[in-house]
Amino acid sequence: MRILGLLAAMAGLIVLPLISSGYVVYLANLLLTFTVLCLGMHIVIGEAGQFSLAQAAFYGIGIYTSGLANTAFGWPLPLSVLASGLVAALVGLCIGTLALRMRDIYLALATFAFGEAMQWVFLSWTPVTGGPNGLRIPPASLLGFEIVNDRQAYPVVLAITILMIWATVVIARSRLGRAFRAVRESEVAALAMGVSVQTTKLAAFALSAFFAGVAGAMFAIYSTYIHPDSLGFQTTILVLTMVVVGGLGSFSGAIGGAIVFGLISELLRQAPSYQEIIYGLILIVFMMFAPRGLFAFIGDNLKRFARA
Amino acid sequence: MRKELLKVENVTVRFGGLVAVNDFSLNVAQGTIHALIGPNGAGKSTTFNCISRFYQPTSGRIVFDDTDITHAPASEMARYGIARSFQNLELFNELTVLENVMIGAHVHCGGSLPDRLQAKPPAVMRHIEEVIERTGLGPYREHKARNLDFGHQKLLELARALAIRPRLLLLDEPAAGLRNREIASLDRLLTDLVRTDGLTVLIVEHVMQLVMSISDRVTVLNFGTKIAEGTPQEVRNDPAVIEAYLGKEAAHA
Ligand SMILES: Nc1ncnc2c1ncn2[C@@H]1O[C@H](COP(=O)(O)OP(=O)(O)OP(=O)(O)O)[C@@H](O)[C@H]1O
Ligand SMILES: [Mg+2]
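As they're listed, the protein sequences go chains A and B. In the numbering used here, each residue's number is its place in the first sequence (first place is 1) plus 29. In the numbering used here, each residue's number is its place in the second sequence (first place is 1) plus 177.
Careful: at least some of the hints might be erroneous.
In silico SDA-like links for lysine to any residue, alpha-carbon gap of 25 Å or less [to be verified]: (1) B:K180 - B:V371; (2) B:K403 - B:R323; (3) B:K321 - A:D329; (4) B:K297 - A:L192; (5) B:K321 - A:G206; (6) B:K321 - A:W104; (7) B:K321 - A:S215; (8) B:K297 - A:G206; (9) A:K332 - B:R323; (10) B:K297 - A:G328; (11) B:K321 - A:L192; (12) B:K321 - A:G328; (13) B:K321 - A:S203; (14) A:K332 - B:V371; (15) B:K297 - A:R333; (16) B:K297 - A:I200; (17) B:K321 - A:I48; (18) B:K321 - A:M317.
The set of hints was computed from the structure by calculation and includes no laboratory data.
Work out the full structure: start from the sequences and follow the hints.
So, in structure tokens, the structure goes:
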């Protein structure tokens, strides 16, 4: 049953660009990008239990690294995607070393402050980011072909997403994934089991930055323009809402949340000033009434309904 | 003469003005069960926390298998072969019994990258399954730790510690809150671990029936100071011990 569903989803994803309009393909690219962003946040918050609020900053670092790799160095696509992830992870490692001395609300505040600082850097570092004018992102090239529209970008974006989902699953089942959850559940017990708690937190932080950086590179493949305004706290809150609504700690929830909320955010694009308020409210409502996420909430209620 | 596996030498622990452990020394011989008893607040858990490196002694030395571990980090203890349980359960609550025990085997899941990526490393799984069977947690393998009843949660603490494949096992009140039947099976399990697996156990316990039945040696702490040491028989009849537990009148009665 599960396999069939998976195959159906795969088939749908593959034929999608053949049967739909350009806008739908653009939307699909965007949702896949959000999926990878959410997977990153899922690793650091859902798996390792460390409240990081800097996802948008790492996403931005990924986008600009990709832009730079394309224009200045003319790197091939796989290399620039990898570079985007690695640069973000490196910055994550530096910030993590400082921020992970703190925990809970202090960690959240420190990473929030870093995110704000990065947005300021994006606005000011005009040679790289275009500053307040934004940046035209040149087309990426793969094996000599230039990717000039959403339809051409789609297979590449899809392939990267599948790769990142696979990586998330492998990490979750590995020794490192077990260490993440051990640290989340009890730091003292983790220490007694020989888990280096600090290193493990740092690994989660750097990995999540890597995912966000790759998401940035994905965005750069199909987008032609980026402005620092869209790399601020509201993007982090959006991703956080996706992960919380999907169900913290649930990997498929993170993907589901990305898709549902990606669509909602696209609907709300006409009303940008209300977005933060709306996400904030949704976030609070979910934390209060459905802390295990939308999908678990629906599942529980369906079960109750079936029993009645 | 058995080898002294653990040596606690003149350890003192101060918390501000309070002296929780006072110039305390203890030798634990390899392959024995050594009990550390004493009234509430005597400093037993504090001593445990020093040995497992969660607390730093104010002064004194801790030597394990001829290696000075007084300044080693807590996360290294599993690699040395020192495992502990926690007096107030510290389980990975949202994880299954199997996953809890697997994390216990963390230090045995290292090696090359492909080894580290394995969801169920075969070499380690055999031992993990054995530990789960021996502690009687088999039927609960896929249950979340937080959904177990108290007795099984206590057993899971023990199972997780055993997954470390320790040479020294530190148990902080493993029998607290257990039913008589559960205490009897804990008694058998610990005895078996020492007799057939050659484990060394240092146990803090208030359940005297268990202490008297399994211990080779007993050390008694009161207000952070050692007041008696010897076989269970010797300690049971020691006036200082009776006084510490029951008050002055009882000792002279
Ligand atoms: N982290 C700490 N900070 C301050 N005081 C502490 C700390 N840990 C323990 N103490 C104090 O040290 C003394 C010894 O405590 P400890 O927990 O070692 O006693 P115990 O022998 O384990 O008692 P119990 O049988 O009740 O578990 C107590 O007075 C306790 O309040
Ligand atoms: Mg205690």
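Going through the hints against the structure:
no.	hint	result
1	B:K180 - B:V371	holds, 15 Å
2	B:K403 - B:R323	violated, 37 Å
3	B:K321 - A:D329	holds, 18 Å
4	B:K297 - A:L192	holds, 22 Å
5	B:K321 - A:G206	holds, 17 Å
6	B:K321 - A:W104	violated, 48 Å
7	B:K321 - A:S215	holds, 15 Å
8	B:K297 - A:G206	holds, 12 Å
9	A:K332 - B:R323	holds, 22 Å
10	B:K297 - A:G328	violated, 29 Å
11	B:K321 - A:L192	violated, 30 Å
12	B:K321 - A:G328	holds, 19 Å
13	B:K321 - A:S203	holds, 19 Å
14	A:K332 - B:V371	violated, 48 Å
15	B:K297 - A:R333	violated, 35 Å
16	B:K297 - A:I200	holds, 13 Å
17	B:K321 - A:I48	violated, 45 Å
18	B:K321 - A:M317	holds, 23 Å
Going down the numbered hints, you'll see the structure goes against 2, 6, 10, 11, 14, 15 and 17, while the others check out.
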